[in-house]
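Colleague: Listed below, chain by chain, are the residues.
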Amino acid sequence: MNGSRQLWAKALVVGLAVTLMATGCGSKTKSDEATKDSIDDKAKTTQTTKATIPDSTVGVTDTEVRIGIHVPNTRGGIPLGSILGLSELSTAYWNSVNAAGGINDRKIIAEIADDGYDVSKALDACRELESKNVLFISGTSGADQIVACAQYALGKNIPYLSLGVSEAGLVDQAGYRALTMTYDRQGKLAAQYVANNLDGKIKKTAMVMFNSPNVEGARKQFRDELKKQGGTLVADDLVDKQGNANELAAECLKLKGAGADIVYVLALPTISSGLARSCTEQGYTPQFFMPANSAACGYSDPIYAKELSGCQSLSAVKVARESGSPLVEAAYAGWKATFPDRAFPDGGETFWGLFDIYREAIDKAGKDISRRSFLAALDSMKGYDNKLFNPIDFTKDNVGSDSVVVQRADKTKMQFDQIIGEWTSEF
Amino acid sequence: MRDLVTFVVSGLAGGSTYALLALGLVLIHNSSRILNAAQGEIGAFATFLVAGLAISHGWPWPIAVVLGLVAGAGISLTTASVLLRRATGGRLPPLVGTIALLSLLVIVEARYLGAAREFPSPLSGSGITIAGLVLTPTRMLIIGAVIFASVVMWALIERTPLGLAIRASADNRAAATIVGLDPKRVELLTWLLAGVLGALAGILLGWNNQSISPGFLTIALPQAFTAAILGGMRSAPGAIVGGLAIGIIESLTRKYFGSTPGSPEAIVFAILFFVLLLRPQGIFGRKSRRLATEGNESLVSLDHLVSIPRRPRISQRVIGALPLAVTLIAALGAATLTSPQGAYKLAILPIFAILALSLNGLIATTGQVSLGHVGLFGLGSFATAVAATTWGLPLPMAILAGPALGALVALVLGIAALRIGGLYLTVLTLAFAVMLGAYVFPMPAFSRGGAGILVIRESIGALDLTNESLFLAFAIIALGLIWIADRRVLGSPFGRAAIALRENETAAAARGVHAPVIKVLAFTLSGAGAGLAGALFAYRQGIVVSSAFPLSMSFSLVLYVVLGGLGSRPGVVLITALFTWTTFYGSSGSSDFMILGGAALVVFTIGRYPKGLGGLIRITTKRLSLLGRRVQPLSDLETGGMTVAASSISSTHVGTGRSHKMLVRLPDGKTMEPSLLGARDLSISFGSLSALANVSLDVGPSQIVGVIGPNGAGKTTLFNLLSGFSTPDEGEVWFAGHRVDHLSAASRAEWGMGRTFQQGGLWLSETVLGNLLMAQHLNVRPASVIGFIAVGANQWKLEWRRRKVAEQVLEILGLTNLRNQPVGTLSYGTRKLLELGCALLTRPRILLLDEPAAGMSEDEVAWLAGVISGIRNELGVAVLVIEHHVPLVRQVADRVYVLNFGHVLAAGTPDEVTTNPAVIEAYLGTQGTAAGRSFVSGTP
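Residue numbers (my numbering), protein chains in the order written: chain D, 521 to 947; chain G, 291 to 1230.
These are calculated hints, taken from the structure and not from any lab test. Only a predicted model underlies this, so the values are computations on that prediction, with no experimental measurement involved. Note that CB positions come from ideal geometry on N, CA and C, so glycine has one too. Some hints here could point you the wrong way.
[To be verified] Output of the computed footprint for chain D on chain G, the stretches with three or more beta carbons under 8 Å from beta carbons of chain D: (1) 294-301; (2) 348-359; (3) 526-533; (4) 624-638; (5) 831-841.
Turn these sequences into a full structure, and let the hints guide you.
Modeller: Now the structure itself:
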């Protein structure tokens, strides 16, 4: 009797485990494809008709406009400090705007909430911003946090703006605006670039992304477009988000064994750096290529890996010092005025450029600014170019940019070379 | 093929880091039997120090490295001396202390040691190529270090007196002390060595990665735990092989399943699961043929928890209704006094409190620790989200999907818990959570391409749950109901049975407690609680995304439960609320200091107060209740008890006269005595030692049969085979006309086979009354499962009846004065008496008594003889008794078997066997010894 019970128990456990694994393996392909197809359909729909959100003047008074920004100020309770410095950067930017007289005789009150680089905390941050009656909410960094917070805000009919990340569930929503090209769309452009500019029609290409549902759109776009361009994808892998060194070493062996000449990577800089180091260790130095909102290829210390020198990256912003944008000097001056004793945060120019677009839209919305008029102002800013950020174009859909630049990492200069000067939307 | 070999070699190289970490874990486990969650972080911290010295201050690498190793050793040593200060709280509090230390070190690294930084290897060169894999000098150094460390550790543990001391100290500290060892010193030494190993792993991995960041080594800890478990947890070579095996699995997974999200985690978990299912002791672990009477796998040591049924007086009814009243008042307050934003924030507290209570219940009832509760929590969230959106179920039904899925998956974990326990189960649940987070939650059905699932609240009738305040009230009511249910379940027959199992699996089985049912039910109920918390969380958040359930949440949860005081609902809820609020809403500027301070507080106090806040509350309450009372010394109570016992027993007219034999007349007119319990050719060997060989015996209804024999004759082994605590290699056991040798001990108890033990048949941490209540498990004939888990309407009456029975037995045994004494404080003789009472409460048809007279005075033995006869004469229960006290056996037994070297030497009436020359020879050895004279003369 005991024996039969044990047998029964084993059978049940084995059965459940096998079912679970089979479900995961089996459903992945079909559901995944279905989801992505549905996303594509939605994106197409939004290209023709643009929905609106209920209008509201929440956050607007005679003397001020209140906006909300969530930033990863801490992680696990530990202040990130100068690693990102987004909270301080936001403060410095809007201080500089107010110091110059505000916008349309109103001061801009930027409510900043710490999203803790964590989804649950990001949702709390967004609720907090909602309770402070803000005109709109902006995300800054962290795709998972941006997606979660955007879903919440949009559910409450609060406009949500961010840099472009993934598209699923976001870009078809009336109140959402991505200020840069999404990773999904960069995937398509990247495939074109690989095929046409990196000899990807002749050379073999591999794709490595971190394990997150948020990269699925980008993954599919790159895969499909490369196939369309006549390229050969010899590996399409996902690696651990934490950057497991053993996995990265094995991944390099796989890429090397598959003969990949070009490796398209969408992952945290720590992962791409680790991958490049592992590959170089094996005497394998492919051309690394990455999508990014600002700069990929882990260009600054301590993340920078010399092995990534020569890595190329799509970017939705230009290299600050070489952009020629007056915003760059203004950013340094504005920062110094607020935080005279602290160094300007790495990559902070990007967000200065982002906030500059918000400022312009608030300005254009005029005295009668409301949620709907603010979004309408953004939509009307086609061609707005602050020389740092990509030129804006919301006329077709909720993604404000169809163009990117391509940059190349150069270890000797500890920065990027800008190798394509003008914005482009096809290669 | 060459390609495959390359990946295997790469896996071996990569797995070497896991192996180094696992070695440290095994070393600590060998000496302290705990998991050191901070093993990786101690190494990371030491590496940060090395980086500071060598890179920031330009010290020579060798000096910096040596100082780093010293730092690792020092931190580890200090940790051990602080956390292991008291050995009274079980193995869980030190584990929690290491979790707190892990948090503390990460914060210090991030805040004061530069966070992420470069860590270039001082070794240069192109390396060598093996099977297509380039091994850099750094990688070769790592492999060399692993080989060196494994050889040293193996030699240390297996081939040196120190290794013997480590093993001896861990297995039995008291025995080790008796033979002159200092277990504490041995323990500290092993922690010191483990610290060196951790630091070495950190420095080498840092060089390999050329950069370090806070927690960089802790990332590899789940793999290291798994490696140690796969290797058998005690074996240094096993840890090495386990680590390398995981490295190879990861490497090959990359080769073949690289495009499947989370495939390495899923495959490592699956392998761990199946290995443990098929070979619970791990690949290198030795399967000890442990008798079931040798303890349990509980990770905790708790104060007595068995609730005593009380007559519901008005005052007690008021107290009993307090949780309900508090819940209603809190819910009313929440509904009327909170702002929407405040209510939303506050709603996280009851949700996490429910989650913590679900884990608390599991630990309190089973003694097992789950690090997978965050997975059950997440599953509950997703189940409710899918039910509400994809299936379109209304909120009242969708919210039930969470607990349903949580319960179902926990049921599977419960089944696993039947095969493994202790730290093995803990690591299995950890792997389970890792697998869910990496493989299951990102599945498209759950993640929706990263967008997550939006969950919209709705109204339930007039209750508008879109209102944050009302939702908070709803969550508070849910917490109140869980609280009340938890209390009732713990006080139910199920709760008692679970505690009985946790504290003494042997005693529980002897009283008819079926471990499989109880364990699986405990896990299932806990899973349902975690799932319910997840369901509420889904509705609170409004969106469920796969990244909302980080593994660290599981560690935090265990920390809350231990700090709150295991088994203490108020403490656990209070601590959970405090930490959850701080984590979520502590001001960002000061929260790191709060976490830093909190973690330091835990590290430095958990060793001194292992029972946490709940323990302090219990101690304080007890002290307050004792204020002003005159405490009667225990010796007085016991003396009084025995006196009463003697008079009570005599007053029940328990005589020593023999009963008439029960005879069956056969068709041919002959008569025979039927057998109630029969053994047929029982044999069992332990290794090459034959403990019993072809032993047969019979005990008739209402017969008293004695088994005597010299030490080592196989008497207790025979009892274990008869009662189901060991399985015979050959032979059969028959009871009441049925073959029962395939039945578990609990089933045989259920059939009417009661027994006592030489020692270990009681629940020492529980009170005398608690023991008698737990022993009545077989009297819980639930008309339904409802009664079993205490939700039946007449539960109180049933419980009160059980208490009355227990009180009657106490009175008969003369132990009434001792009813509230923990059994662990009683004398040996009193325990024997109590155990007899416990055995009788199972209403046996036969009672197997294992040396009942041991430790008794002659007067007490005489009294015992009357009791044994009384059991047969008054209750009609047959008795099989093992006893060295031959005069006692001669006095009470109808028939006697003599065992010698595992064989039946003689059988017959007491007079026949005591005059048997072979028996005398066996006892005497040589003529004229005292033992022989006493045996023949019948005096002790």
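Colleague: Which of the numbered hints above does this structure break?
Modeller: 2, 3
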